[in-house]
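Start from the sequences, fold in the hints, and give me the full structure.
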Amino acid sequence: MSERLFGTDGVRGIANQDLTPDLCSRLAFAAAHTLFAQRPEQKRVLIGHDTRISADMLEAALVAGFTSAGVDVYLVGVVPTPGIAWLTTACACEMGVVISASHNSFEHNGIKIFNHEGYKLPDAVEDAIAASLDLYYDYRPKPLGASLGRVFRLPQAVDQYRQHLQGACQLDLKGVKIALDTANGAAYQLAPQIFSDLGADLTVLSNQPDGLNINACCGSTHVENLARRVLDQGLDLGLAFDGDADRLIAVDDHGQVLDGDVMLAIFAKDLLDQAKLAGEALVVTVMSNLGLSHMADREGIRLIKTQVGDRYVLEEMLKNGYILGGEQSGHMIFLDHATTGDGILSALKLLEVRQRTGRPLSDLRKIVDIYPQVLLNVEVDNALKAQAMADPDVQKACRRVEESLGQEGRLLVRPSGTEPKIRIMLEGKDKDHIQELAESIARLISARFSY
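For the sequence shown, the working numbering assigns the number 51 to the initial residue and increments by one for each residue that follows.
Heads up, some of the hints might be wrong.
Using 27 Å as the maximum straight-line C-alpha spacing, the simulated BS3-like pairs for lysine-lysine come out as follows [to be verified]:
{"#": "1", "residue 1": "Lys369", "residue 2": "Lys355"}
{"#": "2", "residue 1": "Lys416", "residue 2": "Lys224"}
{"#": "3", "residue 1": "Lys355", "residue 2": "Lys446"}
{"#": "4", "residue 1": "Lys355", "residue 2": "Lys471"}
{"#": "5", "residue 1": "Lys471", "residue 2": "Lys446"}
{"#": "6", "residue 1": "Lys471", "residue 2": "Lys481"}
Quick list of the computed label-pair ranges, beta carbon to beta carbon [unchecked claim]:
{"#": "7", "residue 1": "Asp441", "residue 2": "Cys267", "range": "33 to 39 Å"}
{"#": "8", "residue 1": "Phe202", "residue 2": "Asp413", "range": "48 to 54 Å"}
{"#": "9", "residue 1": "Gln213", "residue 2": "Ala266", "range": "26 to 32 Å"}
{"#": "10", "residue 1": "Glu458", "residue 2": "Asp251", "range": "22 to 28 Å"}
{"#": "11", "residue 1": "Ala142", "residue 2": "Ala266", "range": "36 to 42 Å"}
{"#": "12", "residue 1": "Asp251", "residue 2": "Ser412", "range": "15 to 21 Å"}
{"#": "13", "residue 1": "Gly371", "residue 2": "Ala266", "range": "37 to 43 Å"}
{"#": "14", "residue 1": "Arg54", "residue 2": "Gln213", "range": "23 to 29 Å"}
{"#": "15", "residue 1": "Phe202", "residue 2": "Gln243", "range": "20 to 26 Å"}
{"#": "16", "residue 1": "Tyr189", "residue 2": "Gln405", "range": "52 to 58 Å"}
Hints are computed from structural coordinates only; laboratory data are not their basis.
For every residue, glycine included, the Cβ atom is placed at its ideal position computed from N, Cα and C.
So, in structure tokens, the structure goes:
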């Protein structure tokens with residue numbers, strides 16, 4: 051795991067190796083004492099998870115840690131991450147916890163924590179929790195007898211979240227032919243129910259989770275099967291979520307993929323046309339495509355960039371009152387309706403634009419021209435990431451690439467916040483050229499720092 055316990059999206063690792071029951075119990079106990087210190091009379095935490103085989107094990111460990119700290123625990127079961135964010139506030143809980151590793155494969159898992167307002171915790175609070183892990187062993191006196199926490203099951207909460215999502219849009223999907231890929235993950239039951247209730251003619255893929263097949267060649271990181279199904283069946287569009295359903299990647303009626311940048315361009319222009327885009331601003335990360343920058347300049351939209359991570363996009367939105375932001379990966383935040391990225395909500399909003407304009411996605415996507423992009427990952431031990439980034443030879447190679455690109459491209463090299471990897475991103479007009487440049491940097495980093 052990383053030197054800092056919390057990465058850009060919670061605590062991540064291989065279940066039962068990095069993310070152990072012992073760590074989860076200690077984490078829960080520390081979180082309880084950190085977050086409930088100011089409101090000791092309100093000790094209620096909501097817990098949900100995706101469909102990974104390790105979810106039950108880690109849930110049991112979290113329950114042990116919370117109840118031993120005197121906290122009442124409410125178990126929702128399988129639910130998307132944004133569902134817990136919303137339900138934490140709706141159910142008047144002081145904390146929400148999601149057990150999920152998002153788009154990662156099944157052997158991984160993670161712990162994400164939300165505060166009583168449904169927002170991810172600031173870095174300082176996460177660091178305070180990490181610094182308190184030993185409280186689980188050292189705290190005296192621990193609650194005893196009637197002071198122990200209790201456990202309650204709250205399966206009806208998922209239906210509350212469904213009603214919230216359906217109330218956030220004005221849609222009639224009768225006659226609309228949609229393919230859904232639920233990634234064998236947290237949305238495998240909820241998403242088909244919502245779109246069926248709205249009248250869509252559905253084809254559903256990857257909705258048979260077995261604990262091992264979450265994100266396995268499906269979902270938002272593998273849309274090939276979805277695109278093929280849209281074309282083969284002549285469907286209107288396809289929608290793919292990731293394992294915890296906080297991301298959306300779409301496929302248009304021609305089988306072409308719409309990533310987060312394309313959809314954010316569509317949403318921003320639609321809101322701007324309705325005079326509803328607060329500050330005429332769209333908040334994205336440094337990973338956003340050059341084409342989105344050109345589109346924003348052309349349309350008079352202020353494009354504001356943050357470091358990678360939807361939490362940082364959200365912080366910028368909250369600080370300045372913006373309502374739309376997101377990432378190329380498909381995290382999109384509609385702050386009027388949610389406190390975090392929500393794949394199902396994003397899908398509903400995309401269909402709302404389609405319905406309001408009467409235009410297919412293949413036409414709506416023309417608002418932005420996306421530059422070819424190459425993304426490469428180099429495996430580097432977490433302890434060596436900073437050294438690799440500061441290496442003089444690596445920095446020199448990066449400068450040479452940037453000089454060769456000039457104004458017609460862009461290079462971004464950064465350490466992953468969730469995995470032991472360094473990520474290399476190159477954009478430019480010539481795909482073969484930027485592929486060659488990206489591979490040259492990857493080879494250098496790999497030769498010097500890979501394990």
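Hints and how they fare:
1. Between the alpha carbons of Lys369 and Lys355 the distance comes to roughly 14 Å, so the proposed pair stays at or under 27 Å and holds.
2. Proximity of Lys416 to Lys224 is assessed by CA-CA distance (about 25 Å); at most 27 Å being required, the pair is judged to hold.
3. With a C-alpha separation of about 25 Å, the suggested pair Lys355 and Lys446 falls inside the 27 Å cut-off, and the hint holds.
4. A threshold of 27 Å between alpha carbons decides the hint, and for Lys355 with Lys471 the separation of about 23 Å falls inside it, so the pair holds.
5. A threshold of 27 Å between alpha carbons decides the hint, and for Lys471 with Lys446 the separation of about 20 Å falls inside it, so the pair holds.
6. The straight-line distance between the Cα atoms of Lys471 and Lys481 is roughly 23 Å, inside the 27 Å bound, and the hint therefore holds.
7. Restraint check, Asp441 to Cys267: a C-beta distance of roughly 35 Å satisfies the suggested window 33 to 39 Å.
8. For the pair Phe202 and Asp413, the supplied restraint of 48 to 54 Å holds, since their beta-carbon distance comes to about 49 Å.
9. Look at Gln213 against Ala266: about 31 Å separates their beta carbons, and that is inside 26 to 32 Å.
10. At about 44 Å, the beta-carbon gap between Glu458 and Asp251 misses the expected band of 22 to 28 Å.
11. The hinted window of 36 to 42 Å between Ala142 and Ala266 holds, with their beta carbons roughly 37 Å apart.
12. At about 18 Å, the beta-carbon gap between Asp251 and Ser412 stays in the expected band of 15 to 21 Å.
13. Evaluation of the 37 to 43 Å hint for Gly371 and Ala266 yields a pass: the beta carbon distance comes to about 41 Å.
14. Our hint of 23 to 29 Å for Arg54 and Gln213 is violated, since their Cβ atoms are close to 38 Å apart.
15. One distance hint, 20 to 26 Å for the beta-carbon pair Phe202 and Gln243, holds here, with the actual separation near 24 Å.
16. A hinted range of 52 to 58 Å for the beta carbons of Tyr189 and Gln405 is consistent with their spacing of about 55 Å.
Comparing the model with each numbered hint stated earlier shows that hints 10, 14 do not hold.
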